[in-house]
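Undergrad: Take a look at the letters that make up each chain.
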Amino acid sequence: MSALTVGGVAELLGTAAVAALIGGLAAVERKGALQLMLSRPIVLAPLLGWALGDPRGGLVLGVPLELIFLGGVNLGGSLPDNETLLAAALTSAVVPAGIFAGTGVDAPLAALGLALLYPLAVAGRRLDRASETHNAQLSERALASVARGADRAARLNLRGLLLPFAVTAAICFACAALAPMLGLARGACTPRLASGLTGAWHAVWALAAASAIRAIRDPRAPAFAAIGFGATIAAAALLRALP
Amino acid sequence: MTGAAQAARDPRRVSPATLLRVLWRSLFLQAAWNPRGMQNLGFAYAMEPALRDLYPDPTARAHAVERHLEFFNCHPYLAAAIVGGAVRLEEEVARGAAEPRSVSAFKSALASPFAALGDGFFWLALRPAAALIAAVTEPYLGLWCVALFLAIYDGVHLAVRAWLFFAGYRRGEGIVTAVSHAHLPQIIGFLKGSAAILAGGIAGRSVVVAGLPHRPWHAVLIAVLIVAMAALLPRIGLTAALYTAMALGLALGGGFL
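Just so you know, the protein sequences line up as chains A and Z, in that order.
Everything in the first sequence is counted per our numbering, starting at 93 for the first residue and increasing by one.
Everything in the second sequence is counted per our numbering, starting at 656 for the first residue and increasing by one.
Don't read these hints as lab results, they were simulated from the structure.
Even glycine gets a Cβ: it sits at the ideal position worked out from N, Cα and C.
What you were told as hints is all true, and nothing was included just to trick you.
For the chain A half of the interface with chain Z, some residues (derived, Cβ under 8 Å), not all of them:
#1 L128
#2 I134
#3 A234
#4 I319
Please put together the full structure from these sequences, using the hints given.
TA: Okay, here's the thing in structure tokens:
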């Protein structure tokens, strides 16, 4: 796939189109088709990052996002935040921005992108709700057609995939097209602000760890997590103490 | 003998090729998930190839499709067993060996317990455990951690889904006994315990990384932040937690505090 070079509008649009296609397909895979977990942030971000020229940059974003949304489960009618929309949009914006700025996906850029784009995870719930309303209409149409004797009414099922695909693809396209602006913002960061944003990214990891512990819905989880925490700190201390 | 030829000879049995088409279509069970019928459209869509084999008469086929457009909601993976069982029951209905309402009764009896089982195993145990294994190994495996996540999760998921579908088709209502022998509650307990230890390990790693190089107070503050967020997350919600944490991190990292 293509890596973004400075000044290439056509290349930028090509990058945006790739981001749109992969983001749209991920939105479909999330709930409507297959559910092979290709749309989870830990898979989607590196995959999209690869398509945009920096798979490792995608992985930098994908791992903490996966942990933050580890407990988000679509049970019955409840809707969790849309982690796929956020992961797709964030990767579409941050990976090309890192290439544009020449920094790659570093902690300051990742924190800046997440702070700007996180509301998309919440907005994604509205997209999910709108899809459900649209699907309810499809279901009504199918029932009406089958009552008239049409035996192929169930094929309307696949039309339910169109809305999440189209909306997510459009958002990813816009994010990738605006990536150079994010790259410029990263380039304009003072060393002190960059250090602050690095601290913010550490805090994102802290939240990711806390969220992962909360995601384990088991009364023994805090005790087991404390064991894992203690063992890691002890191992790190031991390694430092070794000559 | 081809599947189509077999089906032509015995119109009251679905061919192996049709069974595979039903299995493939069951992967789109939630394409048109909606609050009224939930997975109704997806279920009817999955059943359509089998109903085409079993009911050559379009009116009878339309009635059969209508049966499957009724309310249905289950875990999308565990539903494979119900789809397989429904195909078996439809064969019996087409032969006149069972009443059409037995199909609906079968679906509604199994949907809720299988949904609870699937949610507990796949969403709340296997997926967190697989993701945490990938996250813990990421510093050592790099991008291969993604392949590890998919291998663990989909290795189990796809095998279980295919097994459930064919077991449901072969055994019909007997699928309940087969699933009950899988000892899922014990496996769920093991996966959750392992996942919690790994989540604690990631918390420890976050503290160690924040403290480097020579910033022990950053490490302490990140540790406090992890404990505070773990305690407060259910009350303040993810959005407030994220922006609060980032603001604190920004102030700390930029020396604004």
